[in-house]
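Student: The lines below spell out each chain.
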Amino acid sequence: MEQSTDWSRAEAGSIAAGVGQGRVRARTVIEAALARIARIDPAINAFTDVTADRALAAADALDARTAAGTPPGPLAGVPFAVKNLIDCAGLPTRAGSKINRERAPAGRDGALVRRLEAAGAILVGALNMGEYAYDFTGENVHDGDSRNPHGAGHMTGGSSSGSGGAIAAGLVPLTLGSDTNGSIRVPSAFCGCFGLKPTYGRLTRAGSFPFVNSLDHLGPMARSVADLALAYDAMQGLDPDDAVATARPAEPVLPGLDSGLGDLRIAVAGGYFARGGDPEAFAAVQVVARALSATRVVEIPEAARARAAAYLITAAEGAALHLDRLRTRPEDFDPAVRDRLIAGAMLPAPFVERAQRFRRWYRGAVADLFADVDVILAPSTPCRAPPRGQTHFTLDGVSLPVRANIGVFTQPISFIGLPVAAVPVWLDGGLPLGVQVIAAPWREDVALRVARVLERLGTVRAPIAELV
Amino acid sequence: MTTRDAPLPDLDAFASASAALLGLSLDPAWVAPVTANLRVLAAAADLVGGFPLPDEAEAAPVFEA
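Just so you know, the sequences run in chain order A and B.
Position 284 of the first sequence, counted from 1, bears residue number 284 in the UniProt record's numbering, the numbering being contiguous throughout.
Position 58 of the second sequence, counted from 1, bears residue number 58 in the UniProt record's numbering, the numbering being contiguous throughout.
By construction, these hints were calculated from the structure, which means they are not laboratory data.
Just so you know, not all the hints are guaranteed correct.
Which bits of chain A does chain B cover? Going by a derived footprint, with three or more residues having C-beta under 8 Å, they are [stated by the list, open to error]:
1) 301-312
2) 405-418
Going by beta-carbon spacing under 8 Å, a handful of chain B positions derived as facing chain A [claimed, not checked]:
3) Leu8
4) Ala15
5) Ser18
6) Ala20
7) Pro28
8) Trp30
9) Leu38
10) Leu41
11) Leu47
12) Ala57
13) Phe63
14) Glu64
Here are some chain B residues the structure puts well away from chain A; computed CB gaps all over 10 Å [as the list claims (entries may be wrong)]:
15) Pro7
16) Asp10
17) Asp12
18) Gly23
19) Asp27
Computed from a predicted model, the values in this text were never measured in an experiment.
All C-beta atoms, glycine included, are put in the ideal place defined by N, C-alpha and C.
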């Protein structure tokens with residue numbers, strides 16, 4: 001008999017346990033999720049496509065397999081949705097753009113969708129995003145802005161805007177996003193959810209529309225650390241279809257997730273990461289640091305240059321990717337994206353090559369830092385979610401364009417592919433803030449362990465917004 | 001590479017000439033936002049270029065974290 005749990009608001013681990021133990025059918029879970037999406041999403045605008053028929057068919061198939069005695073998998077019956085730059089069979093992969101929605105429907109799902117479904121999860125749709133992922137705001141001129149469930153007048157952050165909004169609104173317990181310069185960590189902060197940006201190369205990007213090959217990552221977002229770990233473990237593994245996918249074997253994190261802090265050496269990032277933001281951004285870091293008894297401060301060297309180099313590589317590689325479309329259909333781009341891409345196309349090549357050479361130096365310098373520390377804490381964003389439509393904000397007394405500066409603290413970290421667990425902090429009754437729990441390359445296990453400790457202490461949490 | 005000493009050139013003219021080289025049609029209304037972005041990119045390039053790197057510091061052929 002099915003219990004009277006509200007499965008539309010349950011976390012992934014609870015759903016998988018319920019389906020696995022026969023306490024609920026996958027169809028019941030999926031019907032509840034679809035009903036909640038239909039009721040709430042019009043106010044949030046997180047979804048661009050709902051794959052209801054496919055989801056119900058998958059649920060029935062899973063229930064049939066379970067009834068026949070086949071183990072249903074670690075994510076059994078878990079509804080999930082993906083940023084619409086990840087291929088979903090039967091849908092054009094629009095990548096937030098007007099132009100791409102004219103493409104032929106994807107012939108098969110992206111690799112990470114296939115891996116999640118192999119673990120029993122069920123795709124229920126594709127999610128809104130900033131055009132071609134060149135965005136930190138969550139605004140989209142083609143599909144409408146995503147709205148922050150914790151404050152509908154405020155930005156969700158981007159470019160994985162629907163991925164953050166869907167989690168915060170409790171529409172699904174698991175989403176996938178992409179992060180080139182902060183696009184998982186920024187909406188995680190603004191929408192008050194957990195996000196994992198793995199090490200560059202850890203999770204395959206095959207079957208997703210690219211932005212900046214040098215910097216693109218895919219990763220999960222969720223309302224609990226355990227759900228991040230469940231999804232992350234299901235998605236690891238080799239993939240020759242992504243040229244930068246690691247040859248390292250999968251390193252599951254779930255077995256050690258609750259091993260605590262042990263003798264981890266944890267420090268707060270000073271210098272660049274302690275200025276140029278609102279006081280609340282740094283207060284959130286201090287709340288996390290106090291909970292972890294982390295008093296040490298380290299300086300990540302040349303972070304401002306790292307951000308500048310990431311900016312250059314992004315502009316140049318993004319422009320090269322889109323040059324033909326800029327030639328033939330420039331009026332069909334979001335103007336804010338088009339103008340940046342055109343400028344990027346005009347960058348002299350030595351500037352970009354220099355940025356790539358600097359990247360290698362910086363990687364070495366930060367690696368030296370990790371010889372002496374295991375975890376570094378830094379703000380995710382310089383402020384809480386700004387009001388939608390705001391073009392400039394004042395940080396440290398300086399007026400700056402919002403769109404280009406929300407990622408000021410995320411860019412120097414993804415620039416060299418470090419793994420980050422983004423954790424949500426609620427300082428008061430206002431909107432949330434985010435803190436980056438940054439670990440050494442390939443140590444997602446460490447970042448998630450620390451995030452799990454913080455979650456158990458109650459220092460970080462990802463509540464569902466009370467909408468209806 | 002060292003940081004630029006001279007002021008930026010006429011970026012409107014640079015954008016127009018570059019657009020022609022790239023095969024891009026640059027609507028006059030787009031010139032101001034494009035040059036604004038070019039100024040930001042030039043500042044970023046100056047910042048990166050101001051950091052001394054030896055000639056042997058090569059970009060990774062395939063970057064690995």
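Student: Mind listing which of the numbered hints don't hold for this structure, in increasing order?
Tutor: Failing hints, ascending: 3, 6, 7, 18 and 19.
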